[in-house]
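So the protein sequences, as listed, match chains A and B. For what it's worth, our numbering labels the leading residue of the first sequence as 1, then goes sequentially. For what it's worth, our numbering labels the leading residue of the second sequence as 1001, then goes sequentially.
The hints are simulated quantities; they were obtained by calculation from the structure and are not laboratory data. Careful, some of the hints might be misleading.
Result set (DMTMM-like, lysine to aspartate or glutamate): computed pairs, CA atoms no more than 20 Å apart in a straight line [as the list claims (entries may be wrong)]: (1) K1060(B) <-> E103(A); (2) K1060(B) <-> D89(A); (3) K1033(B) <-> E85(A); (4) K106(A) <-> E1031(B); (5) K49(A) <-> E1031(B); (6) K1057(B) <-> E103(A); (7) K1057(B) <-> D78(A); (8) K106(A) <-> D1040(B); (9) K1057(B) <-> E85(A); (10) K1059(B) <-> D89(A); (11) K97(A) <-> D1045(B); (12) K30(A) <-> D1045(B); (13) K1059(B) <-> E12(A); (14) K1060(B) <-> E85(A); (15) K82(A) <-> D1036(B); (16) K82(A) <-> E1031(B); (17) K1060(B) <-> E12(A); (18) K1060(B) <-> D78(A); (19) K1059(B) <-> E85(A); (20) K1057(B) <-> D15(A); (21) K1049(B) <-> E103(A); (22) K1057(B) <-> D89(A); (23) K82(A) <-> D1040(B); (24) K1049(B) <-> D89(A); (25) K1033(B) <-> E12(A).
Quick look at which bits of chain A chain B covers, simulated, 3 or more residues with Cβ under 8 Å [said to hold, decoys possible]: (26) 15-25; (27) 38-45; (28) 82-93; (29) 97-106.
Just so you have them, the derived chain A footprint on chain B, three or more residues with Cβ under 8 Å [as the list claims (entries may be wrong)]: (30) 1037-1051; (31) 1060-1068.
Just so it is clear, CB atoms sit at the ideal spot from N, CA and C, and this is done for glycine as well.
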Amino acid sequence: MRNFQQNLAKLEAADTQVLGVSMDNPFANKVFADQNGVTFPLLSDIGGKVIRQYGIYKEYDQFHTKIPAARRATYLIDTNGKVVEMQVDANAVDPTKTVRACERRKLTR
Amino acid sequence: MRKMSIALLLACSLQTGVAWTQTESAPPATEVKIGDIAPDFTLVDQNGKPRSLHDYKGKKNLVLAFYVWAFSSD
Chain A
1 MRNFQQNLAK LEAADTQVLG VSMDNPFANK VFADQNGVTF PLLSDIGGKV
51 IRQYGIYKEY DQFHTKIPAA RRATYLIDTN GKVVEMQVDA NAVDPTKTVR
101 ACERRKLTR
Chain B
1001 MRKMSIALLL ACSLQTGVAW TQTESAPPAT EVKIGDIAPD FTLVDQNGKP
1051 RSLHDYKGKK NLVLAFYVWA FSSD
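Just chain A, same shape as in the assembly (with noise of 0.2 Å):
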């Protein structure tokens, strides 16, 4: 989430609201917003509904245990609620695609 708020100021300038959604509870957000200088929305799927209607859903081998969480990923939504762009797992971390994507969306309208 670091990258993207590294990336703000440049969003924000093309018209775009990023918002942050995992399986955390608020509590835990806040303290991760706080602790790495996140100002924009993170928000809490708890049980995974969103996470689950979005397809990226996952279950996480760590300690013996099943822990279900988000696949990382990112979506590029239009103002008429169209999926524009998307990157998963691996290719979800560098938001430079999506930045630029929203730049070009300023520049073409």
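Got chain A sorted already, so can you dock chain B onto it with the hints?
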């Protein structure tokens, strides 16, 4: 006896190796694809404020950044 146990070990590690590459090479497809209407939702942010996808419709582009868990390195 030692030869046999080494062979057994090798066979086991090969098998786990195969299982590993299978799960790694075929990531499951996502439900929402490019061109789809993004499913609406209302979720609470870190300050307890509800946020909905439809709040931004007609106003702003939206980046939904799903992350595995808080405190993950990136």
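Each hint tested on the structure:
1. Distance check on the hinted pair: K1060(B) and E103(A) sit about 13 Å apart at the alpha-carbon level, within 20 Å; holds.
2. A C-alpha spacing of about 25 Å is found between K1060(B) and D89(A), which places the hinted pair above 20 Å, so the restraint is violated.
3. Taken as a hint, the K1033(B) and E85(A) pair is honoured in the structure, with Cα atoms around 9 Å apart against an allowance of 20 Å.
4. Distance check on the hinted pair: K106(A) and E1031(B) sit about 27 Å apart at the alpha-carbon level, beyond 20 Å; violated.
5. Proximity of K49(A) to E1031(B) is assessed by CA-CA distance (about 13 Å); at most 20 Å being required, the pair is judged to hold.
6. With a C-alpha separation of about 18 Å, the suggested pair K1057(B) and E103(A) falls inside the 20 Å cut-off, and the hint holds.
7. For the hint pairing K1057(B) with D78(A), the CA-to-CA distance comes to about 8 Å; that is within 20 Å, so the pair holds.
8. Under the criterion of a C-alpha separation no larger than 20 Å, the hint pairing K106(A) with D1040(B) is inconsistent with the structure, at around 23 Å.
9. For the suggested pair K1057(B) and E85(A), the alpha carbons sit about 16 Å apart, so the restraint of at most 20 Å is met.
10. This hinted pair does not check out: K1059(B) and D89(A) have alpha carbons roughly 28 Å apart, beyond 20 Å.
11. For the suggested pair K97(A) and D1045(B), the alpha carbons sit about 25 Å apart, so the restraint of at most 20 Å is broken.
12. Using a Cα cut-off of 20 Å, the hinted pair K30(A) and D1045(B) holds, with the two alpha carbons roughly 8 Å apart.
13. The straight-line distance between the Cα atoms of K1059(B) and E12(A) is roughly 12 Å, inside the 20 Å bound, and the hint therefore holds.
14. Pair hint K1060(B) plus E85(A) holds up; C-alpha atoms about 15 Å apart against a cutoff of 20 Å.
15. Our distance criterion of 20 Å between C-alpha atoms is met by K82(A) and D1036(B), whose separation comes to about 6 Å.
16. Between the alpha carbons of K82(A) and E1031(B) the distance comes to roughly 14 Å, so the proposed pair stays at or under 20 Å and holds.
17. Between K1060(B) and E12(A), the direct Cα distance comes to roughly 9 Å. Compliance with the 20 Å bound is thereby established for this hinted pair.
18. The straight-line distance between the Cα atoms of K1060(B) and D78(A) is roughly 7 Å, inside the 20 Å bound, and the hint therefore holds.
19. The suggested pairing of K1059(B) with E85(A) holds, with an alpha-carbon distance near 18 Å, which does not exceed 20 Å.
20. Between K1057(B) and D15(A) the CA atoms are separated by roughly 12 Å; this keeps the pair inside 20 Å, and the hint holds.
21. Under the criterion of a C-alpha separation no larger than 20 Å, the hint pairing K1049(B) with E103(A) is inconsistent with the structure, at around 28 Å.
22. A hinted pair counts as satisfied when its Cα atoms are at most 20 Å apart, and K1057(B) with D89(A) does not qualify at roughly 26 Å.
23. Distance restraint check for K82(A) and D1040(B): the Cα-Cα separation of roughly 11 Å lies within the 20 Å cut-off, and the hinted pair is therefore satisfied.
24. The straight-line distance between the Cα atoms of K1049(B) and D89(A) is roughly 28 Å, outside the 20 Å bound, and the hint therefore fails.
25. Taken as a hint, the K1033(B) and E12(A) pair is broken in the structure, with Cα atoms around 24 Å apart against an allowance of 20 Å.
26. Remark: the segment 15-25 of chain A is confirmed as covered by chain B, as 10 of its residues place a Cβ nearer than 8 Å to a Cβ of that chain, reaching the required three.
27. Counting residues of the segment 38-45 of chain A whose CB lies closer than 8 Å to any CB of chain B gives 5, so the stated coverage by that chain holds, three being the minimum.
28. Three residues within the 8 Å Cβ limit are the bar, and the segment 82-93 of chain A against chain B gives 9, so the coverage statement holds.
29. With 3 residues bearing a CB less than 8 Å from a CB of chain B, the segment 97-106 of chain A meets the requirement of three and the coverage assertion stands.
30. As drawn, the segment 1037-1051 of chain B meets chain A at 13 residues by the rule of a beta-carbon pair under 8 Å; at three or more, the given contact holds.
31. Check on the segment 1060-1068 of chain B: 9 of its residues sit with their Cβ under 8 Å from a Cβ of chain A, so the three-residue criterion for coverage holds.
In summary, the structure is inconsistent with hints 2, 4, 8, 10, 11, 21, 22, 24 and 25 from the numbered list given earlier, while agreeing with the others.
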